[in-house]
Amino acid sequence: MSYKTYRMWKTVIVIIIAVSVSSSVVAGLAFVPVPVAAVGAAVMLLLRRRVKEVIIDERTYRIAERAGRLAFQVGAIATALIAATLLALGRDADTAFDTVGITLAFAAAGLLAIYYAGYLWYARKLGGED
Amino acid sequence: VVRIRNNIRRLRFDHGEMTQEELAARAGCTRQTIIALEQVKYVPSIELGFRIARVFGVNVEEVFQYEE
Chain A
3 MSYKTYRMWK TVIVIIIAVS VSSSVVAGLA FVPVPVAAVG AAVMLLLRRR VKEVIIDERT
63 YRIAERAGRL AFQVGAIATA LIAATLLALG RDADTAFDTV GITLAFAAAG LLAIYYAGYL
123 WYARKLGGED
Chain B
2 VVRIRNNIRR LRFDHGEMTQ EELAARAGCT RQTIIALEQV KYVPSIELGF RIARVFGVNV
62 EEVFQYEE
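Top line first, the protein sequences correspond to chains A and B.
The first sequence begins at 3 in our numbering and counts up one residue at a time.
The second sequence begins at 2 in our numbering and counts up one residue at a time.
This is chain A alone, in the form it adopts within the complex (with noise of 0.2 Å):
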């Protein structure tokens, strides 16, 4: 299978999941989205086992890497920002201000936590004393 019918393929199975997820969102039915994610995963999966050319390289995951960090750096700064506003807000206000506040404050350590052991766990991999 070349790359290209691959990608029509993926296209038309993630459209899909996304009506079938949706429609039995808004329907109710709370155990459809699950098996329908795992089944279009799994056809995915098997789909990319059939392209013969190579689809992912280095290139790839060095656009992964620069999104990745930056996807780190403006998720991490924009959601303590987000959670240092609502806990400031919601200080002397009866609303639910605080309670984002703080569940975002700990997304944000979060975060932070994994992104710390990722570097860890990759400085030591790739050697030097980082």
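Derived from the structure by calculation, the hints contain no laboratory data.
Incorrect hints may appear among the rest.
[Said to hold, decoys possible] Cβ-Cβ distance ranges computed for the label pairs, FRET-style:
{"#": "1", "chain 1": "A", "residue 1": "T7", "chain 2": "B", "residue 2": "E18", "range": "20 to 30 Å"}
{"#": "2", "chain 1": "A", "residue 1": "V102", "chain 2": "B", "residue 2": "R27", "range": "48 to 58 Å"}
{"#": "3", "chain 1": "A", "residue 1": "Y121", "chain 2": "B", "residue 2": "E63", "range": "33 to 43 Å"}
[Unchecked claim] Straight line, CA to CA, 20 Å or less: simulated EDC-like cross-link-like pairs of lysine to aspartate or glutamate:
{"#": "4", "chain 1": "A", "residue 1": "K54", "chain 2": "B", "residue 2": "E22"}
{"#": "5", "chain 1": "A", "residue 1": "K127", "chain 2": "A", "residue 2": "E55"}
{"#": "6", "chain 1": "A", "residue 1": "K6", "chain 2": "B", "residue 2": "E23"}
{"#": "7", "chain 1": "A", "residue 1": "K54", "chain 2": "B", "residue 2": "E23"}
{"#": "8", "chain 1": "A", "residue 1": "K6", "chain 2": "B", "residue 2": "E22"}
{"#": "9", "chain 1": "B", "residue 1": "K42", "chain 2": "A", "residue 2": "D96"}
{"#": "10", "chain 1": "B", "residue 1": "K42", "chain 2": "A", "residue 2": "D59"}
{"#": "11", "chain 1": "B", "residue 1": "K42", "chain 2": "A", "residue 2": "E60"}
{"#": "12", "chain 1": "B", "residue 1": "K42", "chain 2": "B", "residue 2": "E22"}
Nothing here was measured: the structure is a model prediction, and the numbers come from that model.
Each residue gets a CB set at the ideal place from its N, CA and C atoms; glycine is no exception.
With the hints as your guide, set chain B onto chain A.
Using the frame of chain A, we list chain B on its own:
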């Protein structure tokens, strides 16, 4: 600023007008990477550099040049 230039396009044509697909398949990378290399938008790893040079049967320095 990319300081590493390459002769991939010329080498492809010198080798029987080898297509980007063929070079990608033989070097074990994607066609998009070959396109990016020819447009000097991407600097490959040393390993990929060696693999590309091996496809053309030349030394790495004949494919890639570092500009001071």
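Tested hints:
For T7 of chain A paired with E18 of chain B, a C-beta distance near 26 Å keeps the hint of 20 to 30 Å intact. A beta carbon spacing of about 54 Å between V102 of chain A and R27 of chain B agrees with the range 48 to 58 Å that was offered as a hint. The hinted range of 33 to 43 Å is satisfied by Y121 of chain A and E63 of chain B, whose Cβ atoms lie roughly 38 Å apart. For the hint pairing K54 of chain A with E22 of chain B, the CA-to-CA distance comes to about 12 Å; that is within 20 Å, so the pair holds.
Restraint check: the Cα-Cα separation between K127 of chain A and E55 of chain A comes to about 29 Å, which exceeds 20 Å; the hinted pair is violated. Restraint check for K6 of chain A and E23 of chain B: satisfied, since their Cα atoms lie roughly 16 Å apart, inside the 20 Å limit. As the CA atoms of K54 of chain A and E23 of chain B are separated by approximately 13 Å, the hinted pair is consistent with the 20 Å bound. A distance of roughly 13 Å separates the Cα atoms of K6 of chain A and E22 of chain B; the hinted pair therefore holds under the 20 Å criterion.
Between the alpha carbons of K42 of chain B and D96 of chain A the distance comes to roughly 54 Å, so the proposed pair goes past 20 Å and is violated. Restraint check for K42 of chain B and D59 of chain A: satisfied, since their Cα atoms lie roughly 16 Å apart, inside the 20 Å limit. Only pairs whose Cα atoms come within 20 Å are accepted, and K42 of chain B paired with E60 of chain A is accepted, the gap being roughly 14 Å. A threshold of 20 Å between alpha carbons decides the hint, and for K42 of chain B with E22 of chain B the separation of about 18 Å falls inside it, so the pair holds.
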